[in-house]
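Colleague: So the chains spell out like this:
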Amino acid sequence: MADRYLEVVEPDDNVATALRELEAGETVAVAVGDEERTVEVSEDVVFGHKIAIEDIADGETITKYGKSIGNATEDIPAGTWVHVHNVESNYGRGDLADGEQTAAVSE
Amino acid sequence: MSEFLGYERDDGSVGIRNHVAIISTAPYANDTVKRAAEIVENTVPITHPLGRCQTKPDVFQTYRTLLGYGTHPNVYGTVVVAHAGEIVDGDELASDVAETGRPSDSVNIHGEKGVMNALQRTVNSAREMVQEASDQRRVPADMSNLTFGINCATSDTTSGLCQHKATARAAWRLIDDHDGRACFAETPEFFGGEHELAERAVNDEVKQEILDRVENWDQRLQATGYDVRGAQPTPDNMDGGLTTIEEKSLGALVKSGDGPIQDIVDYGAQIPDDSGMYIMDTPGHGAESVTGIGAGGAHFMVISTGQGHTLSNAIMPTIKITGNPGSAERVPEQTDVDVSEALVGDQSFDWASDQLWDEIEDVVNGKLTMSEAMGESQFAIHRIGPST
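Heads up: the sequence lines are chains A and B, in that order. By the count of this note's numbering, the first sequence reaches residue 107 at its end, each step adding exactly one. By the count of this note's numbering, the second sequence reaches residue 388 at its end, each step adding exactly one.
It is possible that some hints are incorrect.
Going by beta-carbon spacing under 7 Å, a handful of chain A positions derived as facing chain B [unchecked claim]:
{"no.": "1", "residue": "Glu7"}
{"no.": "2", "residue": "Pro11"}
{"no.": "3", "residue": "Leu19"}
{"no.": "4", "residue": "Arg37"}
{"no.": "5", "residue": "Val41"}
{"no.": "6", "residue": "His49"}
{"no.": "7", "residue": "Lys64"}
{"no.": "8", "residue": "Thr73"}
{"no.": "9", "residue": "Val84"}
{"no.": "10", "residue": "Ser89"}
{"no.": "11", "residue": "Arg93"}
{"no.": "12", "residue": "Asp95"}
For the record, the hints were derived by calculation from the structure and aren't laboratory data. Quick caveat: nothing in here was measured; it's all calculated off a predicted structure. No residue lacks a Cβ here, since even glycine has one placed at the ideal position from N, Cα and C.
Required output: the full structure, derived from the provided sequences and hints.
Modeller: Structure representation (structure tokens):
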């Protein structure tokens, strides 16, 4: 039976939210729509954080709520913690803006 | 319940509180306002660093925000305190307040020949208003009078999965069952969900306006030359598991439900009278968005929080709801309603919404919220451009 403490919002999401602490080495059953998927957790994950429920390639879209929440900045195998260290946003990216837009104030 | 007990105003609105506001028009009147509010019981000081040497878009925004508080349904009367001649004009503000039938007075520190004279006059006016306000009784009023403010605070991944669902259901209950209004805000927190949100607009004009305003915010953020991460999402959002602004936004939008959007209004502008769900164009900065929605005339606000937040408002009571198990215990003064049993226990989201609705009924009839009882509030008007 699927673990109720791993929430996948939409069936095409590739991440699950952990509503309990996960430990490296656990095998968890995740409900994805009407199906159930087995994932080997590869690192400890704290309450509220996310794990990949399938292999995600570098540059690929991270999907939650059935929509993009950003892109992978490295290969993220299933069972891996997904957070700021391996995902980047596509909004508010002044650091990537074209040449006309440079930082007005230095650090 | 289709009625509540409220304070009738001459302009047709009905308040759930009966405050006397003492409003500063410029930084140089703030001390007089604060001192008067210390002397006269049951007054609300409204101070800020704006109102002088601002460009016109900011002058308009500051003025309409202050006027929104001076004429708020929860305000009985207002004393305006100005320093000297200012671009945000104290006499004009007091006169616009008086047009709504509320007692109002305009005090000018230079005009009164000094701070002590200005303080005395402010105290005398405020004292008179407080005594009159205390003599007014609550009377039965229709729930359709009410406007429900919605904001999030210290969001985490539980927000979109739990407490925002309860908040949305309660807001739509006020709209659908009682013909009331609701308003949410925080435009940069639509990033990633703006197209689905825009599809909910009642017409093409509103749809385009939503998309344009979201685009405008992205451009403003890009113009800084930096990645917005750290400001959106915030460090506490990231601690709570939110990775990008898109993830935060998609969760944040859950608190507005999925019904039609009537309109998107400017920061601090009046929320229209017609029943329905509205958006106010504000930053995600909680103190600024809450201040804006309060100026818009929301009677109360539900702050749907993950890990708890002191975010609150002195004129518009704020009801904090969380679905993060542990937040209620960790930050008790920042939790009015704990619905975490709907996330990790056996309760439904309808149950969660009912818990919130019961609290709303109590608060509109006079029960003090946690932040009212704790005497906590912030006031921060969003600024657009430079000082000059």
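Colleague: Please go over all the hints and tell whether each is borne out by the structure.
Modeller: Hint by hint, here is what the structure shows:
With a least beta-carbon distance of about 6 Å to chain B, the hint placing Glu7(A) at the interface is held under the 7 Å criterion. The criterion of a C-beta within 7 Å of any C-beta in chain B is not met by Pro11(A), whose closest approach is roughly 16 Å, and the hint is violated. The beta carbon of Leu19(A) is positioned within 7 Å of a beta carbon in chain B (closest approach about 6 Å), and the interface hint is therefore held. For Arg37(A), the shortest C-beta to C-beta distance to chain B is roughly 19 Å, which exceeds 7 Å, and the interface hint is violated.
Because the smallest distance between the Cβ of Val41(A) and any Cβ of chain B comes to about 15 Å, over 7 Å, the interface hint for this residue is violated. Taken as an interface hint, His49(A) checks out: its beta carbon lies about 4 Å from the nearest beta carbon of chain B, inside 7 Å. A least Cβ separation of about 6 Å between Lys64(A) and chain B falls short of the 7 Å threshold, and the interface hint therefore holds. Evaluation of the Thr73(A) hint against chain B yields a violated restraint, the C-beta minimum of about 11 Å exceeding 7 Å.
A least Cβ separation of about 6 Å between Val84(A) and chain B falls short of the 7 Å threshold, and the interface hint therefore holds. Proximity of Ser89(A) to chain B holds as hinted, the smallest CB-CB distance being about 4 Å (cut-off 7 Å). The interface hint given for Arg93(A) is met, as the beta carbon of that residue sits about 6 Å from the closest beta carbon of chain B, less than 7 Å. With its C-beta approaching chain B no nearer than about 4 Å, Asp95(A) sits inside the 7 Å limit, and its interface hint holds.
Going through the hint list in order, the structure does not satisfy hints 2, 4, 5, 8.
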